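Residue numbers (the numbering used here), protein chains in the order written: chain A, 53 to 549; chain B, 53 to 549.
Since the hints were made in silico from the structure, they are not lab data. Keep in mind the model is a prediction, meaning the values are calculated, not measured. Backbone N, C-alpha and C define an ideal beta-carbon position, used for all residues, glycine too. Not one of these hints is a red herring.
Which bits of chain B does chain A cover? Going by a derived footprint, with three or more residues having C-beta under 8 Å, they are: (1) 67-75; (2) 78-85; (3) 89-96; (4) 289-299.
Okay, derived cross-link-like pairs now, DSS-like style, lysine-lysine, Cα gap no bigger than 30 Å in a straight line: (5) A:266 <-> A:369; (6) B:156 <-> B:183; (7) B:114 <-> A:65; (8) B:266 <-> A:279; (9) A:114 <-> B:65; (10) B:548 <-> B:242; (11) A:105 <-> B:90; (12) B:106 <-> A:65; (13) A:156 <-> A:105; (14) B:86 <-> A:57; (15) A:100 <-> B:325; (16) A:106 <-> B:106; (17) B:57 <-> A:86; (18) A:111 <-> B:114.
There are 2 protein chains.
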Amino acid sequence: MDSIKELREHFTKLKRLGYILALLGWDQQVYMPKGSVKARAEQIALIKGMIHKKLISPKTGKMISNAEKLKNLNLIDSAILREAKREYEQATKLPIELVTEIAKTAVLGHQAWEKAREKSEFSIFQQLLGKMIGLQIEMAEKLDTGPTLYSNLLDLYEPGATADWVSRIFNNLSQKLGVILEKLHDSSDKPNQSILKKFYDSEKQWKFSMEILKRLNFNFDIGRQDKSVHPFKTSLSSMDTRITTRISENSFPDCLFGTIHECGHALYEMGFKEEIHDTILSDGSSLGIHESQSRLWENFVGRSREFWIYWYPILQKYFPKNLKNYPLEDFYRSINTVQPSFIRVEADEVTYGLHVILRFEIERKLIEGEIQVSELPSSWNEKMEQLLGITPPNDAKGVLQDVHWSGGAFGYFPTYSLGNLYAAQIYSDALKKHPSLPEEFNKGEFSNLLAYLREEVHQHGKIYRPLELLKKITREELNPNYFINYLEKKFYSIYKI
Amino acid sequence: MDSIKELREHFTKLKRLGYILALLGWDQQVYMPKGSVKARAEQIALIKGMIHKKLISPKTGKMISNAEKLKNLNLIDSAILREAKREYEQATKLPIELVTEIAKTAVLGHQAWEKAREKSEFSIFQQLLGKMIGLQIEMAEKLDTGPTLYSNLLDLYEPGATADWVSRIFNNLSQKLGVILEKLHDSSDKPNQSILKKFYDSEKQWKFSMEILKRLNFNFDIGRQDKSVHPFKTSLSSMDTRITTRISENSFPDCLFGTIHECGHALYEMGFKEEIHDTILSDGSSLGIHESQSRLWENFVGRSREFWIYWYPILQKYFPKNLKNYPLEDFYRSINTVQPSFIRVEADEVTYGLHVILRFEIERKLIEGEIQVSELPSSWNEKMEQLLGITPPNDAKGVLQDVHWSGGAFGYFPTYSLGNLYAAQIYSDALKKHPSLPEEFNKGEFSNLLAYLREEVHQHGKIYRPLELLKKITREELNPNYFINYLEKKFYSIYKI
Numbered sequence: 053m054d055s056i057k058e059l060r061e062h063f064t065k066l067k068r069l070g071y072i073l074a075l076l077g078w079d080q081q082v083y084m085p086k087g088s089v090k091a092r093a094e095q096i097a098l099i100k101g102m103i104h105k106k107l108i109s110p111k112t113g114k115m116i117s118n119a120e121k122l123k124n125l126n127l128i129d130s131a132i133l134r135e136a137k138r139e140y141e142q143a144t145k146l147p148i149e150l151v152t153e154i155a156k157t158a159v160l161g162h163q164a165w166e167k168a169r170e171k172s173e174f175s176i177f178q179q180l181l182g183k184m185i186g187l188q189i190e191m192a193e194k195l196d197t198g199p200t201l202y203s204n205l206l207d208l209y210e211p212g213a214t215a216d217w218v219s220r221i222f223n224n225l226s227q228k229l230g231v232i233l234e235k236l237h238d239s240s241d242k243p244n245q246s247i248l249k250k251f252y253d254s255e256k257q258w259k260f261s262m263e264i265l266k267r268l269n270f271n272f273d274i275g276r277q278d279k280s281v282h283p284f285k286t287s288l289s290s291m292d293t294r295i296t297t298r299i300s301e302n303s304f305p306d307c308l309f310g311t312i313h314e315c316g317h318a319l320y321e322m323g324f325k326e327e328i329h330d331t332i333l334s335d336g337s338s339l340g341i342h343e344s345q346s347r348l349w350e351n352f353v354g355r356s357r358e359f360w361i362y363w364y365p366i367l368q369k370y371f372p373k374n375l376k377n378y379p380l381e382d383f384y385r386s387i388n389t390v391q392p393s394f395i396r397v398e399a400d401e402v403t404y405g406l407h408v409i410l411r412f413e414i415e416r417k418l419i420e421g422e423i424q425v426s427e428l429p430s431s432w433n434e435k436m437e438q439l440l441g442i443t444p445p446n447d448a449k450g451v452l453q454d455v456h457w458s459g460g461a462f463g464y465f466p467t468y469s470l471g472n473l474y475a476a477q478i479y480s481d482a483l484k485k486h487p488s489l490p491e492e493f494n495k496g497e498f499s500n501l502l503a504y505l506r507e508e509v510h511q512h513g514k515i516y517r518p519l520e521l522l523k524k525i526t527r528e529e530l531n532p533n534y535f536i537n538y539l540e541k542k543f544y545s546i547y548k549i
Numbered sequence: 053m054d055s056i057k058e059l060r061e062h063f064t065k066l067k068r069l070g071y072i073l074a075l076l077g078w079d080q081q082v083y084m085p086k087g088s089v090k091a092r093a094e095q096i097a098l099i100k101g102m103i104h105k106k107l108i109s110p111k112t113g114k115m116i117s118n119a120e121k122l123k124n125l126n127l128i129d130s131a132i133l134r135e136a137k138r139e140y141e142q143a144t145k146l147p148i149e150l151v152t153e154i155a156k157t158a159v160l161g162h163q164a165w166e167k168a169r170e171k172s173e174f175s176i177f178q179q180l181l182g183k184m185i186g187l188q189i190e191m192a193e194k195l196d197t198g199p200t201l202y203s204n205l206l207d208l209y210e211p212g213a214t215a216d217w218v219s220r221i222f223n224n225l226s227q228k229l230g231v232i233l234e235k236l237h238d239s240s241d242k243p244n245q246s247i248l249k250k251f252y253d254s255e256k257q258w259k260f261s262m263e264i265l266k267r268l269n270f271n272f273d274i275g276r277q278d279k280s281v282h283p284f285k286t287s288l289s290s291m292d293t294r295i296t297t298r299i300s301e302n303s304f305p306d307c308l309f310g311t312i313h314e315c316g317h318a319l320y321e322m323g324f325k326e327e328i329h330d331t332i333l334s335d336g337s338s339l340g341i342h343e344s345q346s347r348l349w350e351n352f353v354g355r356s357r358e359f360w361i362y363w364y365p366i367l368q369k370y371f372p373k374n375l376k377n378y379p380l381e382d383f384y385r386s387i388n389t390v391q392p393s394f395i396r397v398e399a400d401e402v403t404y405g406l407h408v409i410l411r412f413e414i415e416r417k418l419i420e421g422e423i424q425v426s427e428l429p430s431s432w433n434e435k436m437e438q439l440l441g442i443t444p445p446n447d448a449k450g451v452l453q454d455v456h457w458s459g460g461a462f463g464y465f466p467t468y469s470l471g472n473l474y475a476a477q478i479y480s481d482a483l484k485k486h487p488s489l490p491e492e493f494n495k496g497e498f499s500n501l502l503a504y505l506r507e508e509v510h511q512h513g514k515i516y517r518p519l520e521l522l523k524k525i526t527r528e529e530l531n532p533n534y535f536i537n538y539l540e541k542k543f544y545s546i547y548k549i
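Just need the whole structure built from these sequences, with the hints factored in.
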């Protein structure tokens, strides 16, 4: 069994270099003085180069083929071999020139995108975006892992997913979300979210977010929270998971739900079983599964009535001026207002999926050559009108709002919605097995939900592939109806339908 | 000239790996959650191993011998070659088994030392210290750079220094410090430092330290200050120098003078000329020269009357309860109290040198085999009585107080006192060239002193060797009389002699 041990250790070394890269990134976003931007970029490039060189070395290939000769590998070892092979093949299929060209175009593209968004002028971004799409198509051709070009990209983020599979799910989802949206629109008793736009002191918001983290069993012995411009989660070892939050004094939900969201991601990484610590399996099963954990805590728990039965009296004490005379039920409805809007990251639970579906349909066509970059703004606006019934007043609030495409992340967006669907199905299973969970939330008790997730999801890390994991837990294929049922039940009640 | 460019870039890569190592260390001491200690140790070992492997590779040797063939190298390139050769030879002379054995013994030795200090029982530490001394002797033999074994170790920290040279300087210094100490002891009007032991709120101490940093022209665009258990300075690039401070609410000088001390180190590293950024020369000329910069700001400036003419009214506003009715002159005398005491890091400007001389004399004899480890506590106590006229009540307050020997740092202590001597000589030169500096301090103006240091010391980084640099600045060899004269003038006035 020495060849599997050798392979495991080789990839543990790569993992550690990855953690070091993550520290360089975390520090850059959280504490690094601004003068060191260039020097840090060189340091990051140095480590990235070392990782790439070690990964594509013939030594790695030899280790993999040696390990493949072994019979009767146990569950963990065969997962290690599977993932090592996947990473090795992805890296060796792509010529270094292409990888470098994509990295360079991403840097320039990001600059152009920022400028374009600032001026709300798509034309500033168009050329570099076109170039990036060309490079992504080239990458998809080289990867050649799935039935279509777009599927090859999708597989990078959601292993095993194909364009057709996502398309079938999203068509169904899109239609059903449309129906819900229409019903809510017709309600004569809608919630009002103006209370959330009042002034909330940032120091108090921070303290409240830390109090929530503690009670959600975020383990500060193996993690921490800091502040940054864009909230994120990162791991610097299997015993060091860090999240960040952003505080806006006039938009209270940013910090609150941002913290719960990132906490959901962090709890996943804090729960890997010790056997896989610092190995190639010390990671989420997929981006979609990872997102299921953040969404589950943020929405299914954090925006539930039960959650606020416990937390609202505490929150009222933090912000008596704003909330003392504002009833719990009104607050609960406020944070669950559904309203078609232009910006994805500000969208509610119902419309969020439609934002993602729009991006999926457009990026799929871009990669498959069915639409041209020049047509993007008009395609975007038409789709927006069709799905959400509104038309962006300008490109900044439309096609230019997201950072993803500028950096070359095509095939990434669907994982956000898949995350919601996985979350609904898993949460429904949790409630079946532990019907008393909502009552526990009333009392500020969240450890039984965490224990369930740890047992069913977290501990396994990347041992199982996403759909395999989902089936293992719920004994079912992915079924979007869980999500639809959850939305209907929750929002028809809030909107008194 | 391609071979010097190749050499420069090779060592720039090593420097960057060194910066990454520094970030791993900084984060560990400042923000890392405690659960990640083992994982971080693995990450640090991984990068250290990579640096070592790259440094001792035959490729490095070849680059150096290629560069040595070049004629007419300019100042910077020949310094790069000199330092590259020095690092390469140091690393290749030491067998990897010895380096590993020292590292292991340091870890165990540190644990034993901590336990021994806690229980004040030298015997707990004795065996591992003995082993470490054996390994240091072996290392000194392999290095073989100077006239004696101890000189070889000294040269690691203060390039070019020899045991005899330090000995001559310290003998002179020891005698003169003894005379000063005696005179101060006989004074009938001594200062009193009880005011410094009152309660000072930690948040206010922090704010005051940040205000001082700003006015001393610490550049927050390329640096930052945080808190840690042991204060330190580290650089994560030539545009990113970080310091830490420690706040004790019942010992006000810890944070205040600690901050100024580390600021002095940081200003050095913030002032390297751009041409040597991120190269092997992007470092202090030696530990002694580095210490001269921290001591110059901490003592020559930070404990001067002129400094407090500006700062004391501000400090009084921070702590009115303690200081409102306490006169400036009394405060100035309080922070300059001279008193033989057991602990080096708490020592004043006069007795500090005697603490260092004691360590130098003992460690020199240990390495040269003139005393045995078992004799250490008694040698220590005798020397203490001889130099400072006091005998430690136990080993924790005596031979066990410093961490250095447990980690294998023999030859390091002298650089602390050399730093004071360099500082006095350089500061005297500064005052000759800019006699108005003290008046500027009265007004809170420190930029002309910084400009002088930047011009004469900082910009050059490691281009010049320490004594070469000192001579270039002051046109003189190291002359301890500057330090003695400074002490006499300052303390005879404070002690009304």
